[in-house]
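Enquirer: These protein sequences, in sequence, are chains X, D and L.
Just so you know, the numbering used here puts 185 at position 185 of the first sequence, and the rest follows in order with no gaps.
If you count the second sequence from 1, you need to add 1000 to reach the numbering used here.
If you count the third sequence from 1, you need to add 2000 to reach the numbering used here.
Calculated directly from the structure, the hints in this document are not laboratory data.
Some hints here could point you the wrong way.
[Stated by the list, open to error] Here are the simulated lysine to aspartate or glutamate pairs, EDC-like style, with alpha carbons at most 16 Å apart:
id, chain 1, residue 1, chain 2, residue 2
1, X, K294, X, E261
2, L, K2019, X, D158
3, L, K2028, X, E71
4, X, K197, X, E71
5, D, K1194, D, D1149
6, X, K248, X, D224
7, L, K2030, X, E334
8, D, K1138, D, D1109
9, D, K1150, D, E1193
10, L, K2030, X, E201
11, D, K1261, D, D1079
12, L, K2177, X, D138
13, L, K2028, X, E201
14, L, K2022, X, E261
15, D, K1132, D, D1090
16, X, K248, L, E2149
17, L, K2019, X, D138
18, X, K183, L, E2149
19, X, K280, X, E334
20, X, K46, X, D224
21, D, K1194, L, D2054
22, L, K2022, X, E334
23, D, K1068, X, D404
24, L, K2176, L, E2149
25, D, K1096, X, E389
26, D, K1150, D, D1231
27, X, K233, X, E315
28, X, K183, D, D1169
29, D, K1068, D, D1090
Quick caveat, the model's predicted, so the values are computed rather than measured.
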Amino acid sequence: MGRKLLTENINVPGIQSLSVYRHQGGYETLKKAVGMTSEAIVEEVKKSGLRGRGGAGFPTGLKWSFLAKPEGVPRHLVCNADESEPGTFKDRYMMERIPHLLIEGMIIGSFALGANSSYIYIRGEMMYVLHILQRAIDEAYEAGFLGKNILGSGFDFDLYVHCGAGAYICGEETALIESLEGKRGNPRIKPPFPAIKGLWERPTVVNNVESIMAVVPIIKMGGDEYAKIGIGKSTGTKLISACGHINKPGVYEIEMGIPVEEFIYSDEYCGGIRNGKELKAVVAGGSSVPVLPKSLILNLANGEPRLMSYESLSEGGFATGTMLGSGGFILMDEDTSIVKNLWTFTRFYHHESCGQCSPCREGTGWMEKLLHKILDGHGTLSDVDLLWEIQSKIEGKTICPLGDAAAWPVASAIRHFRHEFEEYVTNPQNIKKDHHYYRVNNISPEFA
Amino acid sequence: MPKVTIDGHSIEVPDGTTILQAARMIGGDIVPPAMCYYSTLKTSGGYCRTCIVKVTKGSEKDPRPMPKPVASCRTTVMDGMEVQNTMAPDLQEARKGVVEFLLINHPLDCPICDQAGECHLQDLSYQHGLAKSRYEFKRREFEKIDIGDKIKLHMSRCILCYRCVKVADQVCDSRSHGVINRGDVAEISTYIEKALDSEFSGNVIDVCPVGALTDRTFRFKSRVWFTKPVDAHRNCTKCSGKTVLWMSGDDVLRVSARKDKYGEVEDWICNDCRFEKKSARDWTIEGPRHIDRKSVISANHYEKKKSLKIDVSNQSKIEERAHNPK
Amino acid sequence: MSADKEIKFSDDAYALVQKIIKRYPEGKQKSALIPVLHIAQAEFSGWLSAPVMDYVASLLSIASIEVYEVASFYTMFNLKPVGKCVIEVCRTGPCWLMGAEDLVKYLEKKLNIKDGETTADGMFTLKTAECLASCGTAPMMQIGETYHESLTLNKVDQILDDCRATVTEPISHWSKKEI
Ligand SMILES: Cc1cc2nc3c(=O)[nH]c(=O)nc-3n(C[C@H](O)[C@H](O)[C@H](O)COP(=O)(O)O)c2cc1C
Ligand code: SF4
Ligand code: SF4
Ligand code: SF4
Ligand code: FES
Ligand code: FES
Chain X
1 MGRKLLTENI NVPGIQSLSV YRHQGGYETL KKAVGMTSEA IVEEVKKSGL
51 RGRGGAGFPT GLKWSFLAKP EGVPRHLVCN ADESEPGTFK DRYMMERIPH
101 LLIEGMIIGS FALGANSSYI YIRGEMMYVL HILQRAIDEA YEAGFLGKNI
151 LGSGFDFDLY VHCGAGAYIC GEETALIESL EGKRGNPRIK PPFPAIKGLW
201 ERPTVVNNVE SIMAVVPIIK MGGDEYAKIG IGKSTGTKLI SACGHINKPG
251 VYEIEMGIPV EEFIYSDEYC GGIRNGKELK AVVAGGSSVP VLPKSLILNL
301 ANGEPRLMSY ESLSEGGFAT GTMLGSGGFI LMDEDTSIVK NLWTFTRFYH
351 HESCGQCSPC REGTGWMEKL LHKILDGHGT LSDVDLLWEI QSKIEGKTIC
401 PLGDAAAWPV ASAIRHFRHE FEEYVTNPQN IKKDHHYYRV NNISPEFA
Chain D
1001 MPKVTIDGHS IEVPDGTTIL QAARMIGGDI VPPAMCYYST LKTSGGYCRT
1051 CIVKVTKGSE KDPRPMPKPV ASCRTTVMDG MEVQNTMAPD LQEARKGVVE
1101 FLLINHPLDC PICDQAGECH LQDLSYQHGL AKSRYEFKRR EFEKIDIGDK
1151 IKLHMSRCIL CYRCVKVADQ VCDSRSHGVI NRGDVAEIST YIEKALDSEF
1201 SGNVIDVCPV GALTDRTFRF KSRVWFTKPV DAHRNCTKCS GKTVLWMSGD
1251 DVLRVSARKD KYGEVEDWIC NDCRFEKKSA RDWTIEGPRH IDRKSVISAN
1301 HYEKKKSLKI DVSNQSKIEE RAHNPK
Chain L
2001 MSADKEIKFS DDAYALVQKI IKRYPEGKQK SALIPVLHIA QAEFSGWLSA
2051 PVMDYVASLL SIASIEVYEV ASFYTMFNLK PVGKCVIEVC RTGPCWLMGA
2101 EDLVKYLEKK LNIKDGETTA DGMFTLKTAE CLASCGTAPM MQIGETYHES
2151 LTLNKVDQIL DDCRATVTEP ISHWSKKEI
């Protein structure tokens, strides 16, 4: 059993409530933190090697140290609880079950950054989670962990929850800030970065739910201790959302560095592929990262086992590797149509493009239409080449990384599964109607 | 003063100058095309991506090249920066891609478009476009609408440069139009049809790089190349009163603001001057206007353009289904 | 909503709106726009008409177009009338792998409507949605604030029957609790 830092108490009955959370040692770390200087807290986070869990993997301590601190200008910590990356559901799981861990992390983080008011931006669809958080916040106010002069430290702090209303792009930190300002979720053109001019033009740090939660065990055990867990620059534990054709979908806290094979096949985690099928492909870090065939997800190109870490998953670059991203592990069995799965992703990016910049606004829709044409059996080999070209003309030319996120799945599917595209365009008559979609569990397809 | 080198030409520029501005100071062919940036509109630029350039050296201090092409209109020059535009074939290729994206859903009905002859997109496709569109699907279409009795919105031609929105925010006293919906169905709209009621709203016509916002008081009277532009002025209490009159004989067919060689308005003009003063007697005529743009406003040039009109007739039936996947 | 009914929040909703506005700094009341639109949608039959959006604009002292721009950007806001229960079915990759496409077809057939349409009796509107962060319990759908997960077709039948039996007023995402 690997160590559990975030999910240790997740199954304790009533852990949602303040009293049970405190009974398990909750808010003790906050007491420790307010006895430290803010610099010392940032230092511990730096030492821990914690990297942003929202997808980009940027070192959290470093990000905190970049925050501008002009005299007299308020600063903010904003929690990114927009979780909308397909395949990712860890933040919802955690906030729903152990809301006080996030609140404790928000208070410690805000204390370290000198932010007297902070916001949790949660996607609007998770309104019921918002109510859970709000109840927890109310409890924390009553207990004196929020409000004026917290624990006698002289630190005043208010925490608010703010909801979105349905837009994946609001997970991008500058779009999130725009949305929090009551605007369309259009990503900003950078620079300036949020650390200099963020929410209401004030210095702002945006962090993922899991990053903020991880600050609690880091301060509790010390940055050095935390850094001992994991491997290389992938320190600590990571929440992995596992879904698709596996026996045990769910959220798993792993120690970084366990072999991918163990994660997929051991009973402690995914429990292998369901119905005794073979694994075909894996998207390892949420829909945006490159898909890999079984051989390349289990092993590096040189045959060594691939590990669950930032470095190992990206080993080989995009030619043979992928990314840890948000830790959304999507597993596909041997019957899956890579092309059809890709189409659902491309439709997603087309649907979620904010429309500000031309390559993403126009290119995502074009790719979706081409994929649909191929799936319909009307595609040609030159359509596959055109797809390749379109994605290459989007990648790296857009305002925000959504353009890249739309391009990479297309590029990787063609790179590793070109034969499947070719099958669709050269033998369309072989494409069985059934072949490319799945039935709802255990239900006969008669009605379709 | 930071020094920047663009396609081998070096120049020293004030702090805070963007690569695009620096390129314009150097002038000539190395100036990247810009469809959304507008020097007098704050926060403009960054959207269209036509002005991308390759930064091969970040600065003297940090000489690393930038990993991706950058929007020259939104990237400030650093001392010692080296930039490639026309010199980099891969960048030219990337720009071609951007232009193709801008055109896939564009109607390209230049022969019947009021903007033909003074359209930045037409110029752009002429210089950087492909000969033939590879887009075979149904193009996005919107109804034409009148926003008030003076301005026509032909949304199908819009490239979402956001300039008109910024004019309403920064030049007019209120804004009643904006961008609604998102992604590739985003559109310029008032949502519920109404007029743009600010006294300076007519300036949206001048900043629009394409034929999306046009002057209803001018439409159908004449092709722009049959008119004679003259500089003129009048005493106006609301604006500078400095305009260009587009004349045919003694008739004033259209009044617009004066634009510089990058097509940018020099002085915003009020709706009175633009829409109401359509008699030569209202104006003091200064002399012929020299239109200094790459695109020559001439019928001859236009005829060449026509052959570029992309053949959309071979759109097949399947696209319909791809367009409505159900 | 009948045309003659005055557009005005209930006292409770109005008080909540004022409370929400105070969460943002002085002069930044526009930040309250999205939460307030959720409340408006719940207060006015599950959708946002232009007069409702104008009312929200006036409450926040912003231009109407600023509300239209925002309301039309986010998928949770309905700009046309909807049924009492809006069913949002996730259709993205992970759910697709678990049968979401069948689920949508099943609902279309059972309710005799297409994606985006409302049943003749005004009971159900069917909408497809993108990943709702419930991929481990796919396939799934959302009605109001409730996530219905690990669906089977039998479960879906049950949920629809429950809706028919119990729902009399439109259900919104904001369930009139604290926001
Ligand atoms: C299109 C897009 C969507 C994103 N969605 C999320 C998200 O849902 N949750 C999240 O935490 N970060 C998301 N991110 C990453 C954020 O921009 C940002 O990097 C992150 O919140 C920083 O927090 P971290 O450093 O703690 O990871 C997204 C980025 C992009 C480009
Ligand atoms: S890349 Fe896409 S989502 Fe990002 S700013 Fe451009 S259009 Fe918007
Ligand atoms: S807007 Fe320009 S490119 Fe488009 S149809 Fe008119 S003249 Fe042609
Ligand atoms: S209408 Fe014209 S000015 Fe306005 S966004 Fe479209 S192209 Fe730009
Ligand atoms: S002019 Fe620079 S992006 Fe449009
Ligand atoms: S794909 Fe359906 S909830 Fe994630």
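Enquirer: It remains to establish, for every hint, whether it holds in the given structure.
Expert: Checked hints:
1. X:K294 x X:E261: holds, 10 Å
2. L:K2019 x X:D158: holds, 14 Å
3. L:K2028 x X:E71: Answer violated: K2028 of chain L to E71 of chain X is near 21 Å, above 16 Å.
4. X:K197 x X:E71: Given that 16 Å is the threshold and the Cα spacing comes to 14 Å, the pair holds.
5. D:K1194 x D:D1149: Distance of about 10 Å is within 16 Å: holds.
6. X:K248 x X:D224: Judged against 16 Å, a Cα distance of about 33 Å means the pair is violated.
7. L:K2030 x X:E334: Violated. K2030 of chain L to E334 of chain X sits at ~50 Å, over the 16 Å cutoff.
8. D:K1138 x D:D1109: Distance ~15 Å between K1138 of chain D and D1109 of chain D Cα, so the pair holds.
9. D:K1150 x D:E1193: holds, 13 Å
10. L:K2030 x X:E201: holds, 14 Å
11. D:K1261 x D:D1079: Violated, at roughly 27 Å.
12. L:K2177 x X:D138: holds, 14 Å
13. L:K2028 x X:E201: holds, 11 Å
14. L:K2022 x X:E261: violated, 51 Å
15. D:K1132 x D:D1090: Cα-Cα ~20 Å, so violated.
16. X:K248 x L:E2149: At roughly 15 Å apart (the allowed maximum being 16 Å), E2149 of chain L and K248 of chain X satisfy the hint.
17. L:K2019 x X:D138: holds, 14 Å
18. X:K183 x L:E2149: violated, 31 Å
19. X:K280 x X:E334: Judged against 16 Å, a Cα distance of about 5 Å means the pair holds.
20. X:K46 x X:D224: holds, 9 Å
21. D:K1194 x L:D2054: Holds, at roughly 14 Å.
22. L:K2022 x X:E334: Outside the cut-off at roughly 54 Å; violated.
23. D:K1068 x X:D404: holds, 11 Å
24. L:K2176 x L:E2149: violated, 23 Å
25. D:K1096 x X:E389: holds, 12 Å
26. D:K1150 x D:D1231: With Cα atoms ~22 Å apart, K1150 of chain D and D1231 of chain D exceed 16 Å; violated.
27. X:K233 x X:E315: holds, 13 Å
28. X:K183 x D:D1169: Distance ~14 Å between K183 of chain X and D1169 of chain D Cα, so the pair holds.
29. D:K1068 x D:D1090: holds, 11 Å
Hint compliance for this structure: hints 3, 6, 7, 11, 14, 15, 18, 22, 24, 26 are broken, all remaining hints hold.
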